[in-house]
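**Q** So the sequences go chain by chain: A and B. Residue numbering for the first sequence follows our numbering, beginning at 1 and increasing consecutively. Residue numbering for the second sequence follows our numbering, beginning at 1001 and increasing consecutively.
Heads up, some of the hints might be wrong.
Label-pair restraints from in silico Cβ distances [unchecked claim]:
id, chain 1, residue 1, chain 2, residue 2, range
1, A, 382, B, 1016, 29 to 37 Å
2, A, 393, B, 1130, 53 to 61 Å
3, B, 1253, A, 394, 47 to 55 Å
The hints are simulated quantities; they were obtained by calculation from the structure and are not laboratory data. C-beta atoms are modelled at their ideal positions from N, C-alpha and C, and glycine is treated no differently.
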Amino acid sequence: MGADTDVGSGSTRTGEFREEASRPEGDRDLPLSERITRNPGPAATWAAVVAVLIAAEFGAIVSGLLSVPPWGWVGGLVPGVVEPVAALLATVAERGAELPTITSRSVIDNTGYQTPSGWEGTTLGLSPAVAWALRVAVIYTYSFTWLLVGWWGYTLYRRHYRIPDWTPRDDVVNRFRRHSWGLFGLTIVFAFVVMALFAPVLGPTTVDQNIENPYENRIDYYNDETGQVESIFVGEANGDTQSRGQGDNNVGPLEYDQYDRFHPFGTLPDGKDLFTFMASGARVSLLVGLTSLGIAGGFAMVFAMLTAYYKGLVDLGVVIAGDSIQAMPQLLFIILASFVLSDTWIAEVYNGGLVLAILFGITGWPALWRAVRGPALQVSEREWIDAAKSYGQRPRVTMQKHMLPYVVGYFLIYASLSLGGVIIGIAGLSFLGLGIEAPVPEWGRAVSAGQPYVATQSWHISLIPGILVVIIVTGFNALGDGVRDAIDPESDIGDGGNENVAAGGGA
Amino acid sequence: MGRWEYFLKRVLLMVPIVFLGTTVTFLILRVGPIDPAAAIIGPSGDTEAYAAIRDSLGLDQPLWIQYAEFMRDLLTLQLGESWVVVRGQSVWELVGVYGPRTLWLGFWSILIPIFVGLPLGFYAGLNPNTLADYIASFGGIVWRAMPNFWLAVIFVSVLTQSDALFGFSWGDWLVETQIVTPPDLSGLWEPTQFLGALKAILPAALVLGSASMGNEMRIGRTAVLETKNANYVEMAKAKGVPGRLVVWKHMFRIALIPLIPVITGEAFLLLGGSVLVETVFAINGLGYLFFQATINGDVPLVGSLMFLFILLSVGINILQDFLYTVIDPRVGYDGGA
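Construct all of the structure, not just a fragment, from the sequences and the given hints.
**A** Next comes the structure, spelled out in structure tokens:
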């Protein structure tokens, strides 16, 4: 990878984005905003499409962004001035959540009951199955539209607004575009992220109603014997819709229960809806996984820069620290540390998710660091690093500007591989009853709950979560392969030694 | 730097690693937010017993003395005794009971994938881009992505009910064995005992070896593809060396070097991942013992076991360096660690 401003070599390239018609020569030194003002057409079209997409989900986006900070806590910090503002923002967040969006549960409602004359309560009188499928289709269409619009925006930028007509990154992107295995991985990973992001609206019912507070919520159903619509606690209804293998005690995938609730993945042994559980569990897995990756990645990158720049004793010190951590089996270390921390305040943050993320981060960085150490060492030997040093550039700036960009790509490969591993690891711990606390959904707990029923008609409880994990981990691996081939088609990194990064400590 | 000098340096490097790892364990157990004595005694707080435990663990002494004693005991291999799991039993005796099962499991979960994965990889590499190659390669990828604990759950359920599902009883096949039970490791020199112990561990070993089986297949495939057109292979073929011999004599060796980290990595996974597999198959090995010791708050046992695990992983690392030094003459400090 050469310097990014190496425009001259563009002439030897053949690419799809070579047509330069709308890029006048005079634009070269202007800032991006100026370049857009000169040629507003493509940018305006793109912005209009983005505006439509945002409008379709406006309420959810506003409330999503505003409900992240803990407003009560912020307000309490500086009473008087900040408090009313914080309260106002909290109200805005709540109101925003009430605004209808195209993916709201209320827009396409799948909860209802069947009377002899047809479905009541669902949108347009559709059957719950169809209504639910429609909502899922809308959510995924909407999300993949974002993906396409993002790509379209990138190509517009490349064609109309970027100053150099070719950069080395273009080759990377083009190689990835032709890598069908990597694209397959990207699709799976994106679908998983959407599942996590839209978890509350994807399920046929909600976590609050069905899983966490079933005895505080009621549903209506049509009683065939009395011929009337009656109401029942969700908890009681769940008691009648258990999947326990024998006899009538089973609600399998794509089946209705006797209260006319549709269960795309069937029910859990305690009668709760498995799909809702899985969607919410995806959110937990992804959040914990990404946080741990952030921690591990931060350590790994800082250490990689330091060891590549200073070498010698610094390198030796990090080797010893990393090896010491890796000498303790990861899963056992996490089991031990989470037991030790179980009674502290930190174990309560996000139902134990934060502790897990920190522990996976602390134990995960040596593997990541090893993966990027080689490329970091390589780049530190280049002439431009020497040049930067002899110009008296500060070490920090050299590392950030001249070394880090080179290593980021390699980091992404292993990040993708190890995220799959962390997801498996979290599931393994919750399978043992550790980690994320019940009743917060976590995939491993579904496998554990279904364990006695695998070879019965209630096979879905254990099998579906496992199959989903296999698909998602395969997706992350494929994405990693694709990124690797795109960055460095000649390399064989990822074969051999570091394969076990993807194995989640053996879970 | 000479090869053996480099190797010696690597071995010396292991000393601070053992030291640091053990120190971290001490910090977690003694300085962390749990009170070891309270953890041992459980919620039924009895002040006298509590004081006795504090006294015998030396918890009232200054921290640095505790640290010195902790390190001294472990480094001289005085591992102490269990307080909760099997009260009063020495840790060495416990390891003597639980350890062999984990070793037996580990041995087979390393061996079986090699004998299944490599030949499959060779086959795929000799027939590249055929349907069989695609099936084998894709199967390897999926097989690798399966969570071990989930695979174990499936195996247990299918095998315990194999009679009803396939009309074939796994439990009665060849020798009668239980599926969810520790393997009987007595009298292994007798054929039936050996077969029984092997059969009992086979599903668990397959599960634990699943990740490396996929890797080994890939290595085998790459090795064949890389060497198929090499001059010395062409030469051997021209000389009339039979195809089978070409594969095993010339291609197999190339596959050996990348195989080392996979095998040692597998041994690492075994240390950590055996918790789940041993729990599902009820093998009662070291991983299971560690898990029980942890959730029961048996702090002394946990510390000693963690120390043993650190020693084991360091041993595996040394073994890996040794194998590299013996097999690959190119290894040196410059070649990358």
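**Q** Where does the structure disagree with the numbered hints, that is, which hint numbers, in rising order?
**A** Going through the list in order, the structure violates no hint and respects every one.
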